[in-house]
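2 protein chains.
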Amino acid sequence: MQLMSERGAAGGGLRERKKRATRAALAEAAVRLAAEHGAEKVTVEAISAAAGVSVRTFFNYFETRDDAFVVIDADAGARMRAAVLDAPPGLPPLEVLRGALAAEIAEAEQQHELWRLHAEVLHASPHLLARGVGAHMAAEAELAEAIAERLGDTGGLYPRLLAAVAGTAVRISMDHWSAHQEEAAFLDVFHEVFSLLAAGLPAPPA
Amino acid sequence: MQLMSERGAAGGGLRERKKRATRAALAEAAVRLAAEHGAEKVTVEAISAAAGVSVRTFFNYFETRDDAFVVIDADAGARMRAAVLDAPPGLPPLEVLRGALAAEIAEAEQQHELWRLHAEVLHASPHLLARGVGAHMAAEAELAEAIAERLGDTGGLYPRLLAAVAGTAVRISMDHWSAHQEEAAFLDVFHEVFSLLAAGLPAPPA
DNA sequence: GTGCATCTTTGCATACCATGCAACTTATGT
DNA sequence: ACATAAGTTGCATGGTATGCAAAGATGCAC
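Here the protein sequences come in this chain order: V and H.
Counting from 1, position 43 in the first sequence corresponds to residue 43 in full-length UniProt numbering; the numbering is continuous, with no gaps.
Counting from 1, position 137 in the second sequence corresponds to residue 137 in full-length UniProt numbering; the numbering is continuous, with no gaps.
Honestly, the hints are just simulated from the structure, not real lab data.
Just so you know, not all the hints are guaranteed correct.
[As the list claims (entries may be wrong)] Computed cross-link-like contacts, EDC-like style, restricted to lysine to aspartate or glutamate with a CA-CA straight-line distance of at most 20 Å:
1) LYS18/V / GLU28/V
2) LYS19/H / ASP73/H
3) LYS41/V / GLU63/H
4) LYS41/H / GLU120/H
5) LYS41/H / GLU63/V
6) LYS19/H / ASP67/H
[Said to hold, decoys possible] Sample of chain H residues with no beta-carbon within 12 Å of chain V, all distances over it, derived:
7) ARG17
8) ARG20
9) ALA21
10) THR43
11) SER54
12) ASN60
13) ARG79
14) ASP86
15) GLU104
16) GLU107
17) GLN110
18) LEU114
19) ASP175
Note that the structure is predicted; figures quoted are calculated from it, not measured.
Note that the Cβ used here is the ideal one computed from N, Cα and C, for glycine as well.
Given these sequences and hints, build the entire structure.
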């Protein structure tokens, strides 16, 4: 059996597939090792060995060691961009983002175990959680651009704020959920956060 | 003349004052060098030399090189905590944060030039902007705790979300302002962002 | 299927980041 | 002035990250 068709990844060539496989192997090895030993104690050498490539190759795929713990899917940005531009015209921008992110997350959550480990690793190393924002900053900028395009407000403050707040929402949702996995599904937390945002973060009922 | 009383820092001992001075010198050197040469090209050695201490001493003050570009004031957290707890009881939490942050920023903005350079450095190196969130994550957690205490909602989702969104607001405000310094004062941008948040991020008028 | 062009991987050299430790210098309290 | 505590420094060490050139795959044309 061939393990083809990873994730919308019928990408024709053998090269493409191999690259995807290597990247995925590195990311997965990183998360598993971090979940077991703590992210700080996992060296690039260990990750590379677990994935069966050289250290130098690791750095061909990730700019920094931390990126391996953080980057989930390379072309999530493109998908979300499309989702934002395709959403029904009347929908409030915050709702558009809620929808696009929820879809993306539902996708990622398919790989139950890895998603859970991922959340736990990030929860255990807050600095990685922050880095998550950084790594997805490109995605954030891309999102902002898509929103700007949708609204015709290019270069404005609003699209960037919206994208950044959405990123923050995901970050806080993951962190909170990973500490309360028993009590609620991730998507429930996520939707609660967005509801709070849409309501203007009102004081909760005492 | 003695250069005493830096910033609420009449801290009695000579040791205290020297430490504050060294820390400030390192942070300032870092920002000035980064503004001139780009943050990525500034080595710890250069920063240390400019501040007149050894490399090893640099790392006695900052955990990582990037922290020197990011950490503004060590005890801002404590001040904000106090501000949050002292705010009038009826005020909505988001307004409490707006006030506490605005006061803190107004303070930092006293040093015009440094504040401007700081914003420019962060704008030029987005990864530092993200790290800013990370470095202030301790502050964020502290803020969250103060809010939680104020609301009696310890460990809940809401305080953490509020603190995180507030941090994001500062980040986006700085970034946007540093790119549009001519058009508006920083505090104007900041207040506009908070108004958007309080209104639930509604679609802007087309 | 042979052979050339292209892309990827790899090892090596190099520079920088970060930490522990021990020796040394400088404040502080009495 | 003295003993103690605190801060600074150099050295050694190990991990992170990049450029470069050689070797190994893959894709493509013929």
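Please check whether the beta-carbon of ASP175/H is more than 12 Å away from every beta-carbon in chain V. Check fails; 7 Å does not lie beyond 12 Å.
With d taken as the least Cβ-Cβ distance between GLU107/H and chain V, does d exceed 12 Å? 24 Å, holds
Is the nearest CB of chain V more than 12 Å from the CB of LEU114/H? 24 Å, holds
With the threshold set at 20 Å, check whether the alpha-carbon distance from LYS41/H to GLU120/H stays at or below it. 15 Å, holds
Is it the case that GLN110/H keeps its Cβ farther than 12 Å from each residue Cβ in chain V? Holds, because the least Cβ-Cβ distance between GLN110/H and chain V comes to about 25 Å, which exceeds 12 Å.
Take a quick look at ASN60/H and tell me if its Cβ sits farther than 12 Å from every Cβ on chain V, holds or violated. 20 Å, holds
LYS41/V and GLU63/H were given as a pair; does the straight-line alpha-carbon distance stay at or below 20 Å? 17 Å, holds
Just want to verify: ARG20/H was marked as not at the interface with chain V; is every Cβ pair farther apart than 12 Å? 25 Å, holds
With a cut-off of 20 Å on the C-alpha distance, tell me whether LYS19/H and ASP73/H pass. It holds: about 13 Å lies between the C-alpha atoms, which stays within 20 Å.
Keeping to a limit of 20 Å between CA atoms, is the pair of LYS18/V and GLU28/V held or broken? Distance ~15 Å between LYS18/V and GLU28/V Cα, so the pair holds.
For the pair we were handed, LYS19/H and ASP67/H, check the Cα-Cα distance against 20 Å. Measuring from Cα to Cα gives roughly 17 Å; hence the hint holds.
Minimum Cβ separation between GLU104/H and chain V greater than 12 Å? 19 Å, holds
Violated hint: 19 only; the structure is consistent with all others.
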